[in-house]
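Visitor: Using the sequences plus the hints, can you model the full thing?
First to last, the protein sequences are chains A and B. For the record, in the first sequence the residue sitting at position 27 is 27 according to my numbering, with numbers rising by one throughout. For the record, in the second sequence the residue sitting at position 21 is 21 according to my numbering, with numbers rising by one throughout.
You may find that some hints are simply not true.
Claimed, not checked - BS3-like mimics (lysine-lysine), calculated; alpha carbons at most 27 Å apart, straight line:
(1) Lys119/B / Lys157/B
(2) Lys499/A / Lys26/B
(3) Lys134/A / Lys104/B
Hint data in this document are derived by calculation from the structure and do not stem from the laboratory.
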Amino acid sequence: MESIKITIDKKIIEVPKGTTVLHAARQLGIEIPTLCYFNLGDMNIENKPGGCRVCVVEVEGRRNLAPACVTECTEGMLVNTHSIRVLNSRRTVLELILSDHPYDCLVCAKSGNCELQSLAQKLGIREIHYEGEKSTYRKDTSPAIIRDIDKCIMCRRCEMMCNDFQTVGVLSAINRGFQAVVAPAFEMNLDHSTCTYCGQCVSVCPTGALTEVDHTRKVVNALADPTKTVIVQTAPAVRAALGEEFGLEPGTLVTGKMAAALRQLGFDFVFDTDFAADLTIMEEGTELLDRLTRHLNGDTSVKLPILTSCCPGWVKFFEHNWPDMLDIPSTAKSPQQMFGAIAKNYFADKIKVDRKDMVVVSIMPCLAKKYECTRPEFAVDGNPDVDYALSTRELAHLIKQANIDFLSLPDEDFDNPLGESTGASVIFGTTGGVIEAATRTAYEVFTGKKLEKISFEELRGLENIRHATIDFNGLPINIGIAHGLGYARKLLEDIKAGKSEFHAIEIMACPGGCIGGGGQPYNHGNSDVIKARQTALYKEDIEKPIRKSHENPFVQKLYEEYLGKPMGEISHHLLHTHYFDRTNEVIIDE
Amino acid sequence: MSHIKIQLKPRQVEQLQEVCQSFNNKPGELINVLHKAQSIFGYLPAEVQEVVAKELNLSVAKVYGVVTFYSFFTMQPKGIHPISICLGTACYVRGAEKVLDEFKRLLKVNVGETTPDGKFSISCLRCVGACGLAPVVTIGEKVYGRVSPDGVKDILKEFE
Ligand code: SF4
Ligand code: SF4
Ligand code: SF4
Numbered sequence: 001m002e003s004i005k006i007t008i009d010k011k012i013i014e015v016p017k018g019t020t021v022l023h024a025a026r027q028l029g030i031e032i033p034t035l036c037y038f039n040l041g042d043m044n045i046e047n048k049p050g051g052c053r054v055c056v057v058e059v060e061g062r063r064n065l066a067p068a069c070v071t072e073c074t075e076g077m078l079v080n081t082h083s084i085r086v087l088n089s090r091r092t093v094l095e096l097i098l099s100d101h102p103y104d105c106l107v108c109a110k111s112g113n114c115e116l117q118s119l120a121q122k123l124g125i126r127e128i129h130y131e132g133e134k135s136t137y138r139k140d141t142s143p144a145i146i147r148d149i150d151k152c153i154m155c156r157r158c159e160m161m162c163n164d165f166q167t168v169g170v171l172s173a174i175n176r177g178f179q180a181v182v183a184p185a186f187e188m189n190l191d192h193s194t195c196t197y198c199g200q201c202v203s204v205c206p207t208g209a210l211t212e213v214d215h216t217r218k219v220v221n222a223l224a225d226p227t228k229t230v231i232v233q234t235a236p237a238v239r240a241a242l243g244e245e246f247g248l249e250p251g252t253l254v255t256g257k258m259a260a261a262l263r264q265l266g267f268d269f270v271f272d273t274d275f276a277a278d279l280t281i282m283e284e285g286t287e288l289l290d291r292l293t294r295h296l297n298g299d300t301s302v303k304l305p306i307l308t309s310c311c312p313g314w315v316k317f318f319e320h321n322w323p324d325m326l327d328i329p330s331t332a333k334s335p336q337q338m339f340g341a342i343a344k345n346y347f348a349d350k351i352k353v354d355r356k357d358m359v360v361v362s363i364m365p366c367l368a369k370k371y372e373c374t375r376p377e378f379a380v381d382g383n384p385d386v387d388y389a390l391s392t393r394e395l396a397h398l399i400k401q402a403n404i405d406f407l408s409l410p411d412e413d414f415d416n417p418l419g420e421s422t423g424a425s426v427i428f429g430t431t432g433g434v435i436e437a438a439t440r441t442a443y444e445v446f447t448g449k450k451l452e453k454i455s456f457e458e459l460r461g462l463e464n465i466r467h468a469t470i471d472f473n474g475l476p477i478n479i480g481i482a483h484g485l486g487y488a489r490k491l492l493e494d495i496k497a498g499k500s501e502f503h504a505i506e507i508m509a510c511p512g513g514c515i516g517g518g519g520q521p522y523n524h525g526n527s528d529v530i531k532a533r534q535t536a537l538y539k540e541d542i543e544k545p546i547r548k549s550h551e552n553p554f555v556q557k558l559y560e561e562y563l564g565k566p567m568g569e570i571s572h573h574l575l576h577t578h579y580f581d582r583t584n585e586v587i588i589d590e
Numbered sequence: 001m002s003h004i005k006i007q008l009k010p011r012q013v014e015q016l017q018e019v020c021q022s023f024n025n026k027p028g029e030l031i032n033v034l035h036k037a038q039s040i041f042g043y044l045p046a047e048v049q050e051v052v053a054k055e056l057n058l059s060v061a062k063v064y065g066v067v068t069f070y071s072f073f074t075m076q077p078k079g080i081h082p083i084s085i086c087l088g089t090a091c092y093v094r095g096a097e098k099v100l101d102e103f104k105r106l107l108k109v110n111v112g113e114t115t116p117d118g119k120f121s122i123s124c125l126r127c128v129g130a131c132g133l134a135p136v137v138t139i140g141e142k143v144y145g146r147v148s149p150d151g152v153k154d155i156l157k158e159f160e
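Guide: This is the structure in structure tokens:
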């Protein structure tokens, strides 16, 4: 490839043709500030409208300052990233943005993680020389996400995520000039739109304009109530990311410290969603084998491929877009909801607590789970199986509020019986993990043979669409994987057109799967963070003594004692669900 | 923002689909498609935008974004008596803006809006070529010249 030599702040660097000034500078260790620019390159996510003009630099020989994020390097270019002209211009741009921004930092949910706030600090803004009208827009609250558009700086990252990556298309810039905001069509509320609550708009929003609905107060109240038995479950992807909130390197596993912290917070039972993930594999894997065998025996009424159903963002996307194919996703509930159903039925009976006196809290990397636990079909007489879903970020807040010195906590174990899990369940947190876990179990059940190699490297990676063929004793099983709803859409369109060759497909809404979920610590556009979390989960898998879901002794016991067999009557009632046509649920607000 | 709900007839949906097809259903032709649609329906209700979005394979939010960005698109149906006030140079210097303000004050609606009873709507134009009569106001087919703010009340009375 042709390479180009350029000089930035008197340092010389050679870069391939097409490199932007921003990236060339980064390679030199020069951090040109950005605001609207966002990049998760490894997952094909990039926002560069070149609109905010915070990243301007001076290029010798050019009259105007150039935005570094969209300016390509040319041979012999001389760039100054901190001339007086650049510094003044950057300040002016920022002051103008701040002049139409509420001064809410003290009480803003994004404070400490806000890119606008840190930029104002970096540039040393101490007063704002411009006074003008401030926008006022109604707050929009949904089951998972709050839009506080007065804090929007029109970077349009959320629009890029929602339209280009997720292809949900809920958010778009509307109106012009001072009136411009990012909003759903016809300015309807989020909960009247086709929003999947994947939370990816929240993940990328640099300010407090998009945040999660915070349930920490409700959880604190439940913990303080002596009449309640409060149970917590933690999703696989949380343990690989929570440490970041306490300054640990991305990819540091904090499973043991997390269990210890939850116990100190006062939860009566500290359980693991991983247990329910193993249960999911028992149910989903059995369903896969059942459909596969019937299909092989010539039953034309069975539909293949089977689609995973653990991701509630994906499920809602599916319900809005393919109401005519509601019979192809697995009917298995997500691990969160399986856990809730087992906790409030089996476990409540076991410890003789009325389900009304039991509070089930889940710690999730996900915002869609906040929505999922409010779905009416997951409640009995109005009492939900899962009461509150907190994000990884909210858990970190709870721990900090309780003055717990997280880093010096000893490693502790989860409680039993709903805390025991296998390596298969741990990898649920990454793209490719659910289908690998299912393959481990389905292979052994189908072929009657023991797996020689438990890891399926061919199912791993971060490409947005992957496929692999696994040999089931002479029978080739085609597996597809997609993360990101736009990529899922491609696979679904093939199915609809009758062109799909797959027997089973795993779909996760978020980039990288739940490790990149909408409730995780903010990655600020660094895909290495997501990669490190992925590596951590595969590491925990290898270190587990048991790595196949069907070998989880407590899962086996649960079937013996209570459930009977996978897809049996009780399982069917507690662990499976059905889907709804949501095409008519989109409401244009009057 | 208030929206008036309408139900498109199957024939109207077909008509819209034909408009989209005449532009090869290209997303890049959105603005042209919307222009054509507005010339047929007189305005762009939500239901029209939904059909256009579907046909051009765009999100409804994006279509709505374009409709709200350009001032020549409107989501409000015109009134039975559409009032147009010329704001061309000649009319403007002769006080057309004051006339406009008076219409707004009496009808309690803004430019681009329609009175709740659907009777009147206000829009502005640039030069109708009757500069000798400035300021000029048209209501439906009728043209009024040398309108003064004081005369607005009487003009509106004609339509009661
Ligand atoms: S949560 Fe997901 S689907 Fe909903 S608006 Fe945000 S990005 Fe779009
Ligand atoms: S809501 Fe957030 S991400 Fe979206 S445009 Fe505004 S500031 Fe950017
Ligand atoms: S991929 Fe995981 S974090 Fe993202 S919406 Fe789905 S379940 Fe939630």
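Visitor: What hint numbers does the structure not satisfy?
Guide: none
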